[in-house]
Amino acid sequence: MVRRGDKMTLKELALLANVSVSTASKAFNNAPDISIETQKDIFRIAKEYGCFGKFYKGKHHKKVFAVICPEIKGDYYENFISCFKKYAESNNALISVSVDDFDDEKRRELVEYYASYLHVDGILVFGYVDELKKGYETPIVSIGSASKGIDSIKIDLYKGFYSAVKYLKEQNHKKIAFIGEKLTISKRDMFVRAMNENGLCVKDEWIIISDKRFEFAGVTSTKKILEMQEKCTAVVCAYDSIAIGFINELERNGFSVPDDFSVIGCDNFSISDYLAKPLTTIDPASEELSKIVFEVLNNKIKNKYYSIGSEICVEPKLIIRETVKK
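Residue numbers (our numbering): 15 to 340.
Wrong hints could be hidden among the right ones.
[Claimed, not checked] DSSO-like cross-link-like pairs, simulated, lysine-lysine; straight-line CA separation at most 30 Å:
#1 Lys99 to Lys196
#2 Lys183 to Lys162
#3 Lys120 to Lys291
#4 Lys305 to Lys99
#5 Lys54 to Lys226
#6 Lys180 to Lys120
#7 Lys339 to Lys120
#8 Lys238 to Lys100
[What the hints assert, rightly or not] What follows is a set of in silico ranges between Cβ atoms, one per label pair, in the way DEER data are often shown:
#9 Val111 to Ala45: 28 to 38 Å
#10 Asp20 to Lys238: 48 to 58 Å
#11 Glu329 to Ser110: 21 to 31 Å
Don't read these hints as lab results, they were simulated from the structure.
Where is the CB? At the ideal position from N, CA and C, for every residue including glycine.
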């Protein structure tokens, strides 16, 4: 039984039209090297089987890449989407962004939706995702978590935290605290490991996990920092928004950064270089990462057998500005 509509594959259509898959693809992309008669015949069969709209690109066609991320507000995701959008648009492509709210099942449903219903040209997903069902040929790349059968690109964020702690140690800071929130436990673990590997002690009271998020997490954690029995001299924050809230609340209480407290953020949010005291922060290399992801997806579109072979790992770097006392 011949499949119809969106279930029809280009290979099946090519067989019906008695042409190669390459010729069928060229017909829908208006390639100049096939005859008008051949193109018309392929179009006729496609319309007859209800799959013309699935394959026809038209003169205004642009590639469409789906980006599935946990949230948009977070510094890291907002930065990455901005960088990826820039690369897409410079290559005559568009992006469609969806949010999975850190929900594995919702993430899986979004992947299936983009692959089987919207037929986007490529999918980028943050986090683990199951291998696509057989029959779907949509290229997919995951960031941050190795997924079976799917090319994965990872950020070695630990190296960023190690560099931050090492830099603070070089500036004679030994009592270093951490401010995070419930969704940054992995960053807390990286910080603790970095402290240990730099030969520095970590006290329980120096680790603060707020029940708030973003700037408010920094604001509400300030009191705990100021009331510590053994005062810290520096604070590493899980992301820049926390650092900004913390710095503002310190100044509201009469303290100065970096004279009283040195502060390092993470994610290199766009406004971090434009604060009254530009923020020293860990840059997760969003620019490099977005370029690599775009190139991998493009290569997979051109060649469905293309694979990066092994996981690509991108290294962050410490951006030194003005919030660490030297």
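**Report entry** Hints violated by the structure (numbers, ascending)
**Finding:** 2, 3, 5, 6, 7 and 8
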